[in-house]
Amino acid sequence: MYRIDNLLEIRDLDVHYAGRGASHRILTGVTLEVRPGETVGIVGESGSGKSILAKTVMRLLPPGVEIGGGSVRYKGIELQSLGEREMRRYRGAQLTLMFQDPFTMLSPLLRCGFHITEGLRAGSGRLSRRAAWREAVARLAELGIKDPDVAYRYPFQLSGGMRQRVALAAALARDPELLIADEPSTALDVTTQAEILNLLQTIQRSRRMSVVLITHDLRVAFTICDRVYVLYAGAVLEVGSSAELDSEPLHPYTLGLLQSEPPVDRRLQVLRVIQGNVASPDEVVGKCRFSPRCRWVQPECLAIDPPLALIDGRQSACVRLNDIRSDLRRERALIEQRAAPLAIRTEEAIVSVVELTKIFPGRRGRSVTAVDKVSLSVGRGESVGLVGESGSGKTTIARCLVGLEKPSLGAIRIGGYNVFHESERSIDPRVRRIAQMVFQDPYSSLDPRQTVSAALSECLRLFGVRRSAINDRVAELLTQVGLPPEYAHRLPTTLSGGERQRVAIARALTSEPKVLVCDEPLSALDVSVQAQVLTLFRELRARLNLSYLFITHDLAVVRQIVERVYVLYRGQVVEEGPVDQVLDAPRHEYTKRLIASIPGGARGHDLNQEVRQIRG
Amino acid sequence: MATATITTVRSGKLPWSIASLARSVPISIGLALFVIGVLLVLAAVGQWIWPVSPSAQHLLNVAAPPGSENWLGTDTLGRDVTARIVAGCQSAVIGPFIISASGLVLSSVLGIGAAYLGGAVDTITMRFVDFMLALPGLLIVIVIVSLGGGGYWMAILVLCLFNVQGDIRIVRGAALDQKSLPYIEAARVLGIPRWRIMFRHILPNVSAILVANLAIDFALALVALSGLAFLGLGSQPGAPEWGSMLSDNETILFSNPYGALAPAAAIVLLALSVNLVGDWIYDRYAGRGRFVR
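If you're matching them up, the sequences are chains A and B in order.
Going by our numbering, the first residue of the first sequence is number 1, and it counts up by one from there.
Going by our numbering, the first residue of the second sequence is number 1, and it counts up by one from there.
Bear in mind the hints are in silico, worked out from the structure with no lab data behind them.
Beta carbons are placed, not taken as given, at the ideal position from N, Cα and C, and that holds for glycine.
Footprint (simulated), chain B over chain A, 3 or more residues, beta carbon under 8 Å: (1) 393-406; (2) 435-449; (3) 457-469.
Isolated chain B, as found in the complex (with noise of 0.2 Å):
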């Protein structure tokens, strides 16, 4: 009552136009949000956009340097390292993408779970994040993908394991904020029921979070995943994988660098850009709701 205010925007409507988000964007996130975009375009449509094959290989051009014919030169076996790119893109964004949705999802009802219900359900839940927070994660995961013959969808599925429990803490923290605030305990009065108080009034207001934790998750699984193929267990020996070109190449350095600053670049890229925009949309949209006073 005693602060002097800097009055919102008192229209009813949410500003929500194209044409009013466009000018309100600032210009790296609009970079990043154009890397996204062609990454994703690539990795939908590459194969039409670039009708290189990724895998042809051709043994008398084997690691060229740039030309008009191969755009960022050939590999150790003569493969046009443009088309592999392209290629990669796909398992670039599918397998980071699969791991962050399922943080996200688990992370939500976990997080929102042990923070509304309590009880044993908070206590089992934070003991178990406790434990997967002490092992030495990213060791785990290189003995379990090897241990269990590798590939990359096995590489999904224990990063998906391996990513919850940070997200878990940090959003059973904000549900707690959010819990202890009257319009749940109003909610509560009116009988409303435990599930609905959860996912409809808990989960909406805790939104900002889980979009930033969405977006540091993808960036850290598209490096992680990198990270195993570089060491050859996240992929398939031959497919065209980011990671894995980095360690093929790694030998012809000196003679097509390209080979292997192409897909580094394009790692670095993308979870650079990824992580722009999260942050952003967090900034933007964590105090929505919130009132100026």
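Pulled out of the complex, with its shape left as it was, chain A reads as follows (with noise of 0.2 Å):
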């Protein structure tokens, strides 16, 4: 059973929640190896237990959250049997954990340097202070921190990419010989998500480290690992190397995935979706995990909770694989199709802002100026993106189309109206009715006391929906967005994310707008659940004729739903002009840094594939 050759190497594990009376499964039977020298991925949405797994392998788990069964092996010892003193030895030197947070894991009151001597002193080396301080520099050289300054830096005075590059060194002072990374490019922009997973690729083939990436994006996995174990509900659906995988999946749920994500140099048609929401293991007892959302699901597949079994060399826990295998093959191929880009529309503008200037006031004097002389327009019935990294300005354009914040300079016209005038601090009413707002976070932007009706009845009422009228409306406004009208007696703490996002959408069409300004409406959603909101968007834009200011900083989405996108870098609009064009040919320098990180679509492939070659 077990193999003398695997760094590490778990079984059957399994891990429940046990707290006050309430017992909930986590992880179910996984079972996983890492071999020494490998990069091995594990894909899963919110809720599939992907960092739960890494905190097990830690011996960092939460309160309540208890080992039922199987084993965690590193090097043929059993973790688990570990004493706490003993297991202290093997972490840091021997296995790490990255998180993904750079703002937070890192302490504000140490400098960069002290975090990574911390670790090198604790070695066994006992190094000095000195000889320490001046291995840390050399270390943040080894990951493209050249200026040795830095390591004089309080982490605060860093930005998220130099400091995860900081926290990379620090986990790797003690040379361990497995990384466990999680997350680590997701709260960082496009360009530095591709630098630091290039980096972490660099540092595994120079050290031979072993790797294991945790990530909620399939091609952020493709691109620099070696295999990947797909987890959802706390079980492994498959397991394969980068290359099957992405050619031919061999389970509804691992196809689903690649369909949600939409390619980046090509529109789709139809964006095939998952349907449902993300499952939590409690729900899916004694059945194949994914079969509530399957679009082949039989009696078979309720049965059993299937096993992975061995296909070809590959893994995969779908009872049904010989007689769907064709179909998946057929879907896998659909992505491959290429519709025609959207036709540009020359309608009068609806939305025009001229010369937008905003300067926010600092201290003694020193102003930043987010927003610099951007001007934009937005058609009738038109649909426009607006991209850029965070900083570049682009929340704040959304916040003044809509009043939350007052421009500097400049005009913004929505509908024919001036947002602001000279002398008044908030804006016209009239605005309001014509461009409303979906916020990024469905966690945060409705009011957690206020049922769903309560939200929506409130805002018709504001814009004048007669009282009788009113709960006809909540319904025809929830069946619009896709919910079921029973929605409407709900609390948001018992919406899913997509759920909140449909309703917080539902409310800003209670104004029956004529312009929806969108900032990252899809960034805080799960992948199968972005392409479900995106598909809703592409829905009530041809139903009800809505403009969208469409503000992202994911290229894949936007070429999907705009017909033009302005790119936005350090506040001012440096490329305009239709997505094809701009994302096919970039002529501006920042475009085509920004199209040349995208991890995944055409250019991540040919990545994929080079440094496979390198490797033989």
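Two chains, two separate frames, one set of hints: put the complex together.
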């Protein structure tokens, strides 16, 4: 059973939460192996248990979460049987964990160098303080930070990408053989994300370490991992090499994930989506975990919880694989389709922004120019994208459009009205009926104490809907966004992320607006749910003749939904034009960089091929 | 998106039924609720439950130890201690309730108003709070009450004034937290009026803190009122009041210790129970509406 050449081997791992009175499954029967020098990806949506899996290996489980059974062996040693003191000798020195958020991972009170020397000096070498500091500077240089001064700076003085490098240097201080990276690139901008992934790959090769990369993004995993485990609701559904999984997924869920991630190099006529919400392990006991959402579900799927089975040297947990394999292949081929780009319409502008400038006053006269003379327009019924990284000013523009910020200079006209009148503090109320906003985070953009119907009817009353008509209108709005009308009596806390975003969209539609300003409306959602909401945006547009100003950092999303795009960089529009033209033949240096850094996509696959060739 | 979750109950309804509530209440809270309940009943209908006059004097039976007639003995004037404890319930409940309720109303209006409106409203309110906090509270209360001639209602009025400042600051902080959340911005984009945002959106979301404040204020007010009564300021002479019973019966501590110990125990028991319940409600409902992610 046990293979000596595995660095890490997890067998039949069960992890559950046993809190007050309640018990929840988190992981069931997870088996996973990592060979020396290998990069393994664990891909799963929220609730799949991927972070808990990492913490189980490190034995850093939160209170109440317990291991029910199974084994976790590192170099053949059962980690669970070690005492806490012995385990501490392994952590950092042998295996190490790097967390997602570069903003909270480092202590803001300690200099960056200290985070690294702390680990260096904890090792057996007994380095002197000065030698350790020199070593820390060298380690930072290895990760691309050539400036020795960085070691003296505090984490909050660095950018997210720099922090992530410092955190990586700290994690690697004691030269571990296994690095577990939990979403190391998720909180970063696209360009930085690519840098960090490249860095991980370089380090892995030069040090001959093993890396376990945990991510929700299949394409990120494909770019740097040799093998990928697809995790869903606490169990592994499919295992295979990156290339195999990408070219021929052997589980409907893997296929669904691939389909849910829109391609960046072309527009799809129809986005295939996985229906429903991500299940929790407790909801799918004794049957195929994916069965409630699977298109090919049959009674045999509900009879047992299918284990992983070997097929052509790969593993899949689909019992109907032999019947549906050709279907899966056909569906996979659909992703390669290419739809004609959306026609550019030339209609009168419903939103027009002329030389908008927003300057935020800072302390001691140091002000920040967030938006610098930006001009843009959105035609009636047109959908326009605004792409850029964090700090590019795209959110500030959105906030000015709906009146949450007052511009310092420039004019905004929506539907023929000036949004701001010179002397007034708040916006022209007529504009509210024309332009509404959908926020990024559906978890906090709904009042947690208000039921869905209370939230909607509050707005409807405001926009002058008669009391007697309100209930009907609430039901109508919910149906429009794809929710059953019974959801009216629910509180937001009982809804999933995607359902909440649908409610938020319904709320924005209460004024029957002509324009929706959407500020990253998908980025807080699970991959499979993103595709659902994206499809909803497309449907609503067709049905209500809405205009969108779609603000996002995700070029693949922008390709699917807009006709024209503006690229924003440091508060200025650096490029604009039809979306295909801008994304396929970028002219500005920044746009080129942005496109080159997308994991997966056409270019990503090439990179992947290259990597594999280099490795031989 | 990254962290694994322990999903909460996904039913659409609030888990609110007597049975489920009873099951989830810990024993200490059950006892505290029982104590509060008994004292409330005594405050309402105590004179029928223990139909002995609290003011009838028996000068031949002074400072008697507990017996079959007088369960807790008698005091310096031969009055039944049990009857006085029971009669004292009313003032022990009403006064602190008025003080803490006024604190609740004032602190939610001023605290949320200062936080949401900001600017001059915030500055004026908070400088007033700073000023009040800089004053040596209880000392000033003693001076004002004694200058004003004392009395139960006078004490309540002054304590109402000197109770709110801390609450305003706490509520303002909590409201500021809420103000920065996107759901408030969403409400602004939709053009929901300011008063509605403050009292229909922010207020329910800080209600757990308000309840906790209410409980703490109640306990503090009870102790403060009893303290004033102990000093002879917060009550009419002769009125059955737990604080004044303490000082009156100090002299007979060795002949009938229950004359002083019983009101002391009553004060501690009520203050403790209210505090426990307030804490429990806060812990239980503060997370409500927030999301397990």
